[in-house]
Amino acid sequence: MERIQLTEDLSFSRFVHGLWRLSDWNITKQEAISLINEVLETGITTFDHADIYGSYTCEERFGEALALMPSIREKMEIVTKCGIVLESENRPEHRSHHYNTSKKHIIQSAERSLANLHTDYIDVLLIHRPDPMMDPSEVAEAFSQLKKEGKVRAFGVSNFKEHQLSMLQSYLDEKLVTNQIEVSPYELENIHDGTLNVCLRERIAPMAWSPLAGGKLFTGEDDKSIRLRESLTKIQHETGAASMDQVAYAWLLKHPAKIMPIIGSGNIERIQGAAASAEIELTLDQWFEILHSSMGHEVP
Amino acid sequence: MERIQLTEDLSFSRFVHGLWRLSDWNITKQEAISLINEVLETGITTFDHADIYGSYTCEERFGEALALMPSIREKMEIVTKCGIVLESENRPEHRSHHYNTSKKHIIQSAERSLANLHTDYIDVLLIHRPDPMMDPSEVAEAFSQLKKEGKVRAFGVSNFKEHQLSMLQSYLDEKLVTNQIEVSPYELENIHDGTLNVCLRERIAPMAWSPLAGGKLFTGEDDKSIRLRESLTKIQHETGAASMDQVAYAWLLKHPAKIMPIIGSGNIERIQGAAASAEIELTLDQWFEILHSSMGHEVP
Amino acid sequence: MERIQLTEDLSFSRFVHGLWRLSDWNITKQEAISLINEVLETGITTFDHADIYGSYTCEERFGEALALMPSIREKMEIVTKCGIVLESENRPEHRSHHYNTSKKHIIQSAERSLANLHTDYIDVLLIHRPDPMMDPSEVAEAFSQLKKEGKVRAFGVSNFKEHQLSMLQSYLDEKLVTNQIEVSPYELENIHDGTLNVCLRERIAPMAWSPLAGGKLFTGEDDKSIRLRESLTKIQHETGAASMDQVAYAWLLKHPAKIMPIIGSGNIERIQGAAASAEIELTLDQWFEILHSSMGHEVP
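Heads up: the sequence lines are chains U, V and H, in that order.
For the first sequence, counting from 1, position 224 maps to 224 in full-length UniProt numbering; every step adds exactly one.
For the second sequence, counting from 1, position 250 maps to 250 in full-length UniProt numbering; every step adds exactly one.
For the third sequence, counting from 1, position 102 maps to 102 in full-length UniProt numbering; every step adds exactly one.
Keep in mind that the hints were calculated from the coordinates and are not lab data.
Wrong hints could be hidden among the right ones.
Remember, identical chains collapse to one label, so a pair may be satisfied in a single copy or spanning two.
Unchecked claim - The calculated lysine-lysine pairs, modelled on DSS-like cross-linking and capped at a C-alpha distance of 30 Å, are:
hint: 1; residue 1: K254; residue 2: K103
hint: 2; residue 1: K75; residue 2: K151
hint: 3; residue 1: K104; residue 2: K254
hint: 4; residue 1: K104; residue 2: K147
hint: 5; residue 1: K104; residue 2: K148
hint: 6; residue 1: K175; residue 2: K147
hint: 7; residue 1: K224; residue 2: K258
hint: 8; residue 1: K258; residue 2: K147
hint: 9; residue 1: K147; residue 2: K254
hint: 10; residue 1: K148; residue 2: K161
hint: 11; residue 1: K103; residue 2: K234
hint: 12; residue 1: K75; residue 2: K148
hint: 13; residue 1: K104; residue 2: K258
hint: 14; residue 1: K234; residue 2: K104
hint: 15; residue 1: K148; residue 2: K103
hint: 16; residue 1: K234; residue 2: K216
Starting from the given sequences, assemble the full structure and let the hints guide the process.
As structure tokens, then:
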């Protein structure tokens, strides 16, 4: 599998395995470690977490599985996130839903993630959402300390627009290494508003969440979903792809920004199918046919 | 009172006194100089004007008061603005409402402000509105000349978005020192569109006009005003604040951009109350509760 | 006629002659070369093409005329564009309408333009539309090669917003020399959204397509057209301009961004009339009166 170089000594697999629904998969830790190993065998080595996933439970389930076979830690990259505060029975001290990107919160959250994940280091820690109250000096101090202590190797953001990215970056010593954004044939906002262009300009490879639009591509009954399903199915037949989602992934892979789609499935066949979409090469005609289906009209 | 450093040798008080309704207060020059002295006693040393306030009358009323006690000039910072042309009986030569940011107009306007204000120098001169016809070379020449002649110490802008700020800045020798924008718990545009982030990125402390949304927080009957009034009142009780507007000011002060709210009141008790809001420390829960009330929904 | 310096050794005439409807003018090549000579006599030396104009026919018609008098090539600047793929009987190999800014397509398109135009070099080659699939590295390679081979002297873009311009620029060795955008008294988008400001900031003189809004100024029946026609006619009388379109051109010329309007007419009187509008000097009152008519309200 292709790898994307984020820094001189850190690379991600082109596809990323997303664990945000791990707690919903109802699997034992033995089953989880098996799944992780099968994912690694596809060439996918990057695993995407957040402190809040599964109401603050997913990191721990992953960590318990990892503890069964600690040697594989070195074969993977772990991404996690912080900055959202959720009300949860697992965080009784939280009184309301808000963001917290203070130095104290970032460090505590990262340390708790380390404990939950049963690991000594996080490969990349992301600020989960642009916080209108973010004090960039505090974020910079938190990042410096976590880096110096060896707890986090590199830092990034998620769902940031240009003004948020360039503002935070201007306070940091090191470059942000990724921006995890929503992008799919269905969701074009980050293409239209320039966020992907800013990633290209800043040489930041983006990760894509909901690359299949949370299933809307398959079951959505709105006009856009219906139009897209028709195009994707047509192009599936033209290309000999095994499934419509392979075409959707191939559409993301063809973009020059080096988008890294996150596959949020616990089904190894689905993950293998997604990984295999790297073999599907769309023509420009096909790429724009999908774009036009999504927009509902052609480019000017 | 906290001070905000704008340049190496220029700082503003955290709160600014706004004179835009001075001519409506119906006070004599003796009463005006008394008010100015009482304001200075609160620690507020920065006074905000514009050539056009009171249909070109407010600067002069302030200047007449200042002339009664010229020694206090050194204890204050005077901000004024230029660039809007209004039809007014006080400017019979004006034939229509438009902007004028030509070199000639900026210099003439600044010199007229100096005369009206009975002072030898303006601390900070702002371009009042982004002018779609602004020739940045002319602005640069005007600023250079006014600076060289000792008539203005530093320059800024008002109501500028990023593209206007970065464009003008690229023609100037010295950094713009502030951007005076509308921001309040009610008016979030400059938070959402990135203008505050650009201030943070460029290390420009913004001034906030209409920090109480022109009274809408107290009397507005729209849904947003009603929601905000409820939150602000609740948090007033939680914090022991003396008034709802103290909570609104505290909300602005908590933001990391170092927002300097402009208090546009002629009532010294109100000004003292505003200044005292620096003592109110909101929690993040409270800050976001106000944000959510304003937006009508929670952050994602 | 005024000239606008794009690089140290390349300048355009302030007005540009646009050939996009050349194939509709139904003129012989003898008539075309006469028109070109008459245009040159007005001082307009810059001619604007695109590969796709006239469904891929206009460049060739111009080239055939130029071949009758090759000596005038040195007296003009030729601009052309690439990057749009249209279905056309003249390009049977095209299967759908889309964009193509691959290295291969840019080079092939430029070489075909050279052949069609009967010239050895293009003065400025533009990317016609921002391509959401643009790989800036490929564009950079194509530009480098075309420059090195002496086929193109300089490069620019068309219809680019800031994020597209700054992204592409960050991959290029040389500065983009123009951004050809739609701007007219009717169409203010590129004024309001900051595109013109970005041109000013980057010292890029923009070319303006549809400077008369495709005739809407004369015949549009929408409210904006009616309001504008009234203002333009009033100001025509005030200034003694020969026509309403002279006022519209004068409005563009007064803007500090050094807008170069493209005159898309085959009628030499109309072209001469446009060129003569450089003599019309609008006051700021008049400039804003037109702006206000277009917006439907005054500036704040």
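Structure-based check of each hint:
no., hint, result
1, K254 to K103, "between (38 Å within a copy, 15 Å between copies)"
2, K75 to K151, "within (17 Å within a copy, 50 Å between copies)"
3, K104 to K254, "between (40 Å within a copy, 17 Å between copies)"
4, K104 to K147, "within (15 Å within a copy, 44 Å between copies)"
5, K104 to K148, "within (16 Å within a copy, 47 Å between copies)"
6, K175 to K147, "within (13 Å within a copy, 33 Å between copies)"
7, K224 to K258, "within (25 Å within a copy, 42 Å between copies)"
8, K258 to K147, "both (26 Å within a copy, 28 Å between copies)"
9, K147 to K254, "between (34 Å within a copy, 28 Å between copies)"
10, K148 to K161, "within (28 Å within a copy, 37 Å between copies)"
11, K103 to K234, "between (51 Å within a copy, 28 Å between copies)"
12, K75 to K148, "within (23 Å within a copy, 46 Å between copies)"
13, K104 to K258, "between (33 Å within a copy, 20 Å between copies)"
14, K234 to K104, "between (52 Å within a copy, 27 Å between copies)"
15, K148 to K103, "within (14 Å within a copy, 43 Å between copies)"
16, K234 to K216, "within (17 Å within a copy, 41 Å between copies)"
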